[in-house]
Structure formats: structure tokens, C-alpha cells
Amino acid sequence: MWQDISLQDVLIVSTLMFFSGVYGFLTRRNLITMLMSVELMLNAVNINFVAFNYFLHPENMQGMFFALFVVVIAAAEASVAIAIIIGIYRRFKSINIEDVSKMKF
Amino acid sequence: MNAFEYTFLIPFIPLLGFLLIIFNFKRFPKKLTAALATSLIGISFVLSVYTAWQYFIIMGPLHGVYPKIIGNHFEWLKLGEHLSVHMGTLIDQASVMMLIVVSTVSLMVHIYSIGYMHDDRGFNRFFAFLQLFSFSMLSLVIATNVFQIYIFWELVGVSSFLLIGFYYEKPSAVAASKKAFIVTRFADLFFLLGILLISFHTDTFDFISLTNPENFERFNLHGTTFLGLSIPALALILIFVGGAGKSAMFPLHIWLPDAMEGPSPVSALIHAATMVVAGVYLVARMFANYAIMAPEALALVGYVGAFTSLFAAVIATTQIDFKRVLAFSTISQIGYMMAALGVSGYGEEAGLGYMASMFHLFTHAMFKALLFLGAGAVIHAVHTNSIREMGGLRKYMKTTHITFLIATLAIAGFPGLSGFFSKDEIITAAHQSYPLVFYTLLVVAGLTAFYMFRLYFLVFWNTETHYHHKPHDPGKAMLIPLIILAVLSIVSGYIPFGEFVSSDGKPLHTHLHFDIAIISTLVSFVGIAIAWFLYKKSSDLTSHLIARWGTFYRWAYNKFYIDEVYLFITHNIIFAYISRPIAWFDRHVVDGTMNVIGWITVTTSEKIKGMQSGQLQQYAFAFVSAILVISAFLIYYLINN
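Residue numbers (this note's numbering), protein chains in the order written: chain B, 1 to 105; chain L, 106 to 746.
Next comes chain B alone, as it looks inside the complex (with noise of 0.2 Å):
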């Protein structure tokens, strides 16, 4: 069952995974949506990472170790970007990414 999956077949789920996240960071209005996104795009990284530690290098664990802390600074990098989208929606009532775009020339 699960034993047949090789690595390939992770590294296309990840693949998928990531290209998802930067198809909607691309196309998403919503803030929210878009803090999702980078998500979806730091798991896929993480799913690489823990891939790659299981299939090659199996008597190691700094993958693992790795996928961990990704899950730890994503927790604060949410967190902070969530403050930030607060401050944005106090300022501007909205979070729709094209009200906010006073930083130009």
C-alpha cells in the first residue's frame, strides 16, 4: 500500500501543491486568501523536505528537523501577517488587495 509510493509521486503532489499556492497569490483579491497561499507554498516546501530525508538519506533526520522549524516561523510569519492585514483593513476598510495601493511613485 503506502510503501509504493516513491519519491516521485511526492515530489508531483508538492509540485502541485506549491504551483497551486503561486497561482493564488497571483490571482486572489482577498488578503486572507493570499496569506493562505504562501501556506500552501511553505507546506509543499516542507513536504519536499521530509521527502527527501525519508527516501535518501533515511539514517539522518535534519529533513524532519527542518520541516519543523518551517512549521514554527510559518505559525509566526502568520501571525505577524495577519496583524498587518488588521492594520490594513483599520486603515483602508477593506482587504481587498487593489484598495491598498498607495506605495507608488
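Please note that a few of the clues may not be correct.
[Claimed, not checked] Examples of chain L residues lying across from chain B (beta carbon under 7 Å, computed):
#: 1; residue: Gln717
#: 2; residue: Gly719
#: 3; residue: Ala725
#: 4; residue: Phe726
[What the hints assert, rightly or not] According to the in silico footprint, chain L covers these stretches of chain B (three or more CB under 8 Å from chain L):
#: 5; stretch: 16–26
#: 6; stretch: 95–104
Think of the hints as simulated: they come from the structure by calculation, not from any bench.
The C-beta atom is built at its ideal place from N, Cα and C for all residues, glycine as well.
Here the structure of chain B is known, so what remains is to put chain L in place on it, guided by the hints.
Only chain L this time, still in chain B's reference frame:
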């Protein structure tokens, strides 16, 4: 350990006063400032006198020679293996003598200023600057090396600048202070070149090793420079140019008459007694080098001094501004000192000129300070500088009159007063080997007597002008210094000066030279008599004489148009042919290049600024696209290799 370690306190006490006053000059009441400044300079004065007592009387000459003692010093700047600049105090004959001169006159001027500046808004500022000047000047005279002298040389220049421009609301005072600063600064450039040249070849800055004749053979001084001068001659002439700037020698004298824009006590302290003789002191400091290494440089000093002396004396006979007459008299007397140095030789009897020069420096400081302080008292009383608007003042200002008369007699070389003795030594020294200088100085002695008594008669005798307020003697604070200085002007001539100050450290026994003394006394009596005849009562004779000598009078009255020559050179030659082209180059070529660079930046950014739209997702899209393109290239590259 030595007995003179405390000497660093002498300059540092006024520095303390300067710092205290300058940081509190809005807070301190006038009385506190005056008491503080005067008592601090008083301490310096006591210490100076104590030093002189220790050095000359208690210690005395060692094996017949006065030693040169380093009071204390530390290394300030290390410039390599052998060369370093020290800061410290050098105690020897000349420096101890100068300590006495500077601290005495400074103390007198401090006391006098309490009365003179009483109603001035800048009272505290004035005393702060006086303290700064005292600090710089005292440090200058006890400097252990040329570089230290140079540093304090500039500091006294700054203090002089600040005090000439003391009445900064008056445009003429501002112009005068600027002129003084620029002229002396210009001369100091040559001084610095001279220092660098001589220390490059001798590997030392220190006066003790630099001026010790036993070291001269070890110095690497061979070779010639431009104009065929030897290296020491060129270096010493450059140093003399620096000294000439400070001491107002021709043709760098133009700043001193204008410097009279400062308050009278400043003129007395800085522009008569102390700072302007710094040039003489500098030449005297390096006298062994001048006399032995480069006699031609020393001869130049002598001729420049004698010429300046005559030149300034002629101008002084025609001036009508009270303080300007005294200013030209100062220039003339400093020329006397320089001439005395120039005709002197090194050591023993030949060093008479050196001793005479220092002697005259000493006595001149006393009576010239007194003359300026007296002038201040008169100007204070009648509110004008022009001697034409004075006259008959002897009835109103009795004490001022007597003290001024004593100073006038002293400077005119009246027998028995200090100026007589020092002038006699100078003229005797010149008589031995330089006939041209000798006759010039003799003529100047007569001229000095004439213009000083012209001034005296015009101010205190002659016809009385109508005064709005009845002039009266100044208050005690101003009278006491006048009286003390008058006493000093009489007695300082009786000091056996040669026993204390001489060119090579050995006491020099001098005596009055009666043959010379009779001639010079006769000459000055002639000068006094002519002045008596012409100016004691107002007469038509003077205007007849002026009409007769019209052209010459006009030239002398306009100071021989030296100022105009300078203006012509700076404006019509330097500004027109050097500064303007440089300014044009700067404005058009240098600035133009910069403007083109700026223009390119501005136009490019105008064109591309639309890319910064503020839309976050546009940026992200550009970013992702760029990453994809770069990845594509990388993959392509990896596959193909």
C-alpha cells in the same frame, strides 16, 4: 624631578578662567567675572614672578651659563622613529623674561578693563577672550619646540581676531579683524614651510637641541635651494616671514593700524606689548641658528627691521587718529628690536644686539602698554579718536597727563627713563658693524621723539577744544594700572638686563656708552624741540609746512598707499586673472558634469517610474516570471552540459 614642574600651571590657570566664563557668560554677574579673571591672571603673575625669582636669583647661572630647563613635557604626536612633537614648558632666560612681560601687562590690562569695559554689554565675553589670549600667549612663550610655538601662534592669532572684532556690530571692526587674520595667516603659511624645511633637515623640533651650536655639525644641511640660498638660510627666512607677519614688519604691517578698531585695553595688551613682539621673540628663540647657520638671513632681519622702523616713524608723524599714531609707533619700535637682532652676533660681547633687543622688548612693553592705556583713558573721556578734537587736556586729567608724559619721555629716549637705556644699547650694537642701520636708527630716534611729543602736545596742550562734557580722570580701576606701569616705565631701565638675558646664556656685563648716549639724546632733544615749537601752541607754521611738503605729506598721510597696492594686487591681478577663471571652471565644468549626471538620473527615472504601480500582485507576478525564466535557462544549461 625639577623645581619648575609647576610652570605648566601658568598658562593653564587663565585657560580655566576662559572655560568658566565662556560657559557661563550669560549667568555670571560682571563683578564675579571681573574678580575671577583678574584673580586668576594674578595667580599666573605671581607664579611668573616666582619662576623668575627661582631661575635668576636662587638658581642663577650654572658654571657661568644659564641652563635651559624643561619644566615638564609629554609626547603629543609621534612622527616616526626619531621625530616626535612634545608639549611642555621650557624655562630659559628669554622665556622667563617673556613670562614676566606677558603676565604683568596682562594683569594690568585686566584691572584696567574692569573700569574701561564697565558699561559694555560684552563685558563677560571680553574677559573670556582676554583669558584665552593670556593662555595662548603664555603657552607660546614657554613652548619647548617650534611646533608648539606654531600651535599657540595660531591661537593668539585667533584671540587677536576675536578681540579686534569685539564690536562686531561695527563694519569697520569686522573688516579690520578679517584683515588682521588673513594677513597674519598668510605669513604663517611661510612659517609652517620654514618649520617643515628646517625640521626635515635637522630631525628635531626641540629648541634645546635645535639651537645648541654643538649640534650644528651633525645637522644635514648641505645643498642649495632656489636663488642660491643655503637650506638653513631659506628655512630661517621663511620662519622670519611668519614672524614678520605677526610683528607687522614691512610689507606685512598693514593689519596693525586697522587692528586699533578693537577696545583700547586690547590694543595695549595684544597689539603693543605681547602678541606683536612674538615675531621678535621667535627670531630670538632661534637666534643661534640665525647667527651661526645663516648670517645672510639675520642681515635681512636687520635691514627689514631698520627699514620698517623708519617707514612707520615717517607715517606716524602725519596721522591724526590717536591710536593709529601709537600703532605706527609700535611698528617702528618693533622694527627697532628686529634691527637690533639683525646687527647682533652670537655670544659674549658680540651678542649685545640680542640683549638690547630683548631689553627694548621688555621696556617697550611697559611704556607702550601705558601709552595705549592712557590713550584709552583719554578716548573714554572725550569720546573721539581724532587728536584734532582734543587739546588742553592737562588741566582736566592730571594723573593721566603725568603718566602719559612719563611714557612719552620713555619712548622718546629721555635720559633716565627706561627707553633711553634700551635704545642706547640697540644703537651701540648697530654702531659696531652696520653703519647704514646705525644712521637709520638714529634718525628714527629723532622721529620717535618728534611724533610722540607732537601727539602729547596736541592732546594735552595746544588750544582747548570745546567739550560737551567736562573730561575728567578715569576711576581707580583704570588709574592704578596707569600708575604702576608708569613706575615700571621708569625703573625697568635700571635692571642690569645683560646679567639676565643674553644670546648664549652667559651673563653679559653692559654699561652705558656715553658717546652714543650723548648723540642719541641730542637727536631726541631735537625731535622734542621741534614738536614743542610746532605744536605746544597752535600755530600757522604747521599748515605752512604741510603746504610746502604737500606731496610727501599726502603720501605719508596715506601710509604710502601700501593698502591700495595690496588692494590692486588682490583685486585687479589675483581676483581677475586667477580667481575668476578658477570660479568659471568650477561653475561651468565641475558643476556642469555633476548637473549632467543628475539630469540623466532624473530623466531615466521619469520614464520608468510607471512600473512602480503599488499593485502587490504585479510585483509578485514579475518576480515569479523572472524566477521561471531563470530556472528555464538553468535547466537548459544543465541538460546541455
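Now the hints, each set against the structure:
Of the supplied interface hints, the one on L/Gln717 holds, with its beta-carbon coming within about 5 Å of a beta-carbon of chain B, less than 7 Å. Hint on L/Gly719 holds. Least Cβ distance to chain B is approximately 3 Å, under the 7 Å limit. Checking L/Ala725 against chain B: minimum C-beta separation of about 6 Å stays under 7 Å; hint holds. Interface hint at L/Phe726: satisfied, since its Cβ lies 5 Å from the closest Cβ of chain B, which is below the 7 Å cut-off.
Residue count for the stretch 16–26 of chain B with a Cβ under 8 Å from a Cβ of chain L: 3. That meets the three needed, and the coverage hint holds. As drawn, the stretch 95–104 of chain B meets chain L at 7 residues by the rule of a beta-carbon pair under 8 Å; at three or more, the given contact holds.
The structure is consistent with each of the numbered hints, conforming to all of them.
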